[in-house]
Amino acid sequence: MAVEFDGGVVLGADSRTSTGSYVANRVSDKIVPIHDYVWACRSGSASDTQAVVDYVKYYLSGHTAELDRLPRVHTCANLMKSICYENKDHLMAGLICGGWDPYEGGQVYEVPLGGSLVRQKYAIGGSGSTYIYGLVDATFKEGMTKEECKAFVKKSIAHAMSRDGSSGGVIRLEQLNNQELKENVFLEMNYLSLNK
Amino acid sequence: MSSTGAGYDYSCGTFSPDGRIFQVEYAAKAVENSGTAIGIRCSDGVVLAVEKPILSKMLVAGSNRRVFGIDANSGMVITGFTADGRQIVNRARDEARNYRQTYGHQIVPTVLANRLALYVHYFTTHGALRPFGAASIIAAYDQDLKTHSLYMIEPSGNCFKYFGCAAGKGAQAAKTEIEKLLYNSNSSTNNELTCREAVNELARILYTVRDSSKDKPFELEMSWLCLESDWKYTMVPKDLIDAADAAGKGSVVQNSFEETKFESESMEV
Chain E
259 MAVEFDGGVV
269 LGADSRTSTG
279 SYVANRVSDK
289 IVPIHDYVWA
299 CRSGSASDTQ
309 AVVDYVKYYL
319 SGHTAELDRL
329 PRVHTCANLM
339 KSICYENKDH
349 LMAGLICGGW
359 DPYEGGQVYE
369 VPLGGSLVRQ
379 KYAIGGSGST
389 YIYGLVDATF
399 KEGMTKEECK
409 AFVKKSIAHA
419 MSRDGSSGGV
429 IRLEQLNNQE
439 LKENVFLEMN
449 YLSLNK
Chain Z
141 MSSTGAGYDY
151 SCGTFSPDGR
161 IFQVEYAAKA
171 VENSGTAIGI
181 RCSDGVVLAV
191 EKPILSKMLV
201 AGSNRRVFGI
211 DANSGMVITG
221 FTADGRQIVN
231 RARDEARNYR
241 QTYGHQIVPT
251 VLANRLALYV
261 HYFTTHGALR
271 PFGAASIIAA
281 YDQDLKTHSL
291 YMIEPSGNCF
301 KYFGCAAGKG
311 AQAAKTEIEK
321 LLYNSNSSTN
331 NELTCREAVN
341 ELARILYTVR
351 DSSKDKPFEL
361 EMSWLCLESD
371 WKYTMVPKDL
381 IDAADAAGKG
391 SVVQNSFEET
401 KFESESMEV
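Taken in sequence, the protein lines are chains E and Z.
Reading the first sequence from the start, the letters are residues 259 to 454 in my numbering.
Reading the second sequence from the start, the letters are residues 141 to 409 in my numbering.
To be clear, the hints were calculated from the coordinates, so they are not data collected in a lab.
None of these values were measured; they are calculated from a predicted model.
Glycine is no exception: its CB is placed at the ideal position from the N, C-alpha and C atoms.
Incorrect hints may appear among the rest.
A few chain E residues facing chain Z, derived, Cβ under 10 angstroms [stated by the list, open to error]:
no., residue
1, 330
2, 335
3, 337
4, 361
If you only want the chain Z side, here are some residues facing chain E, beta carbon under 8 angstroms, derived [stated by the list, open to error]:
no., residue
5, 243
6, 244
7, 246
8, 248
9, 251
Please build the complete structure, drawing on both the sequences and the hints.
Here is the structure:
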């Protein structure tokens, strides 16, 4: 899941990788850096998404070297889309690209299974996302602050993890904004209580 | 100035004993024999102008353009062998299109200029190929940084970013004129010239630097990329060109006695 706020984005994901009912990895990191201020959330086949992300990293680093300045988030999303679309018959990859660039600020792009590209204010993906469409649509409002976004992401993912068997583990949060150092915020390894 | 190649000038694949590649220098000479092209980076845009000699009365006015658009936000003028120049334009258009397709936004001026320079340079490193006998002057706009730039690529593959540049027959004289224009004020970096002013100035310069007794009559082609054109590379509107042309001619009327029949015929925008 990724949400845009004024000046940056918040990305969040669960940490469960499953093969059938067996949890292969309960602490996986589904949020990956593509570039300094561009990150992606992976969902779908772990191998496919890892391969796609590796390609995008490679292309984007070459592009940035030629460009000699920070790349646009849209460029990264476009590269993701090209790979996912051209290889749609062989891939099962749903990606969310979130980042910040000096030209358009914080942006969130979703590249779902077919390889389309859509810019959104907030995006959700993965198996657990189906259970929280209503929650997310109801909770989101324009002009949220960074803290409100983080709370929004935490709450939504916690609810998805609660209902979806393929989601679980911990919630990882990444926060990107226009500062010298990007801040990585990792939630402590405890389970969120949903009773409140 | 000219020294004999004496066997070291047959191909680009050979250095001379004093470290020169003669073929590249000869290519530059080919450019020097052709109509003058100039470009100026103004405060609110870039203006390019090229003198297109009218080779025959049978030619339709406005044909054999030397002004080319590359993408919506970039374009170039060429001087030298126009056929060679068109090859470079083709490549520029390919580069811009591929960049747009791969990265999803319009090509950035620095990238366009560098890639074209690489391409032009490539032809100076092979024994089997000859260098382009054409110089290109490129105007481009960066959509993200919101800046406009002017580049010139010489047949050697050298590419620099300019405030003002010139190529072709009257290049030396034109450069002097441009320097006078740009450094009128004390501050050399703060160029106060606007595009509209530059249109007239460039036409005047083109008329000034040509030798009207020796040179053929010419057509004036001008293009710009500025605030007024919404940062799209377009031909300067016909009325502005006609006015500039008349003013330019007026400034040298005392020297020119042969009234040519082909002055600045219709410029299709």
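Numbers of the earlier hints that this structure fails to satisfy, in rising order: 7
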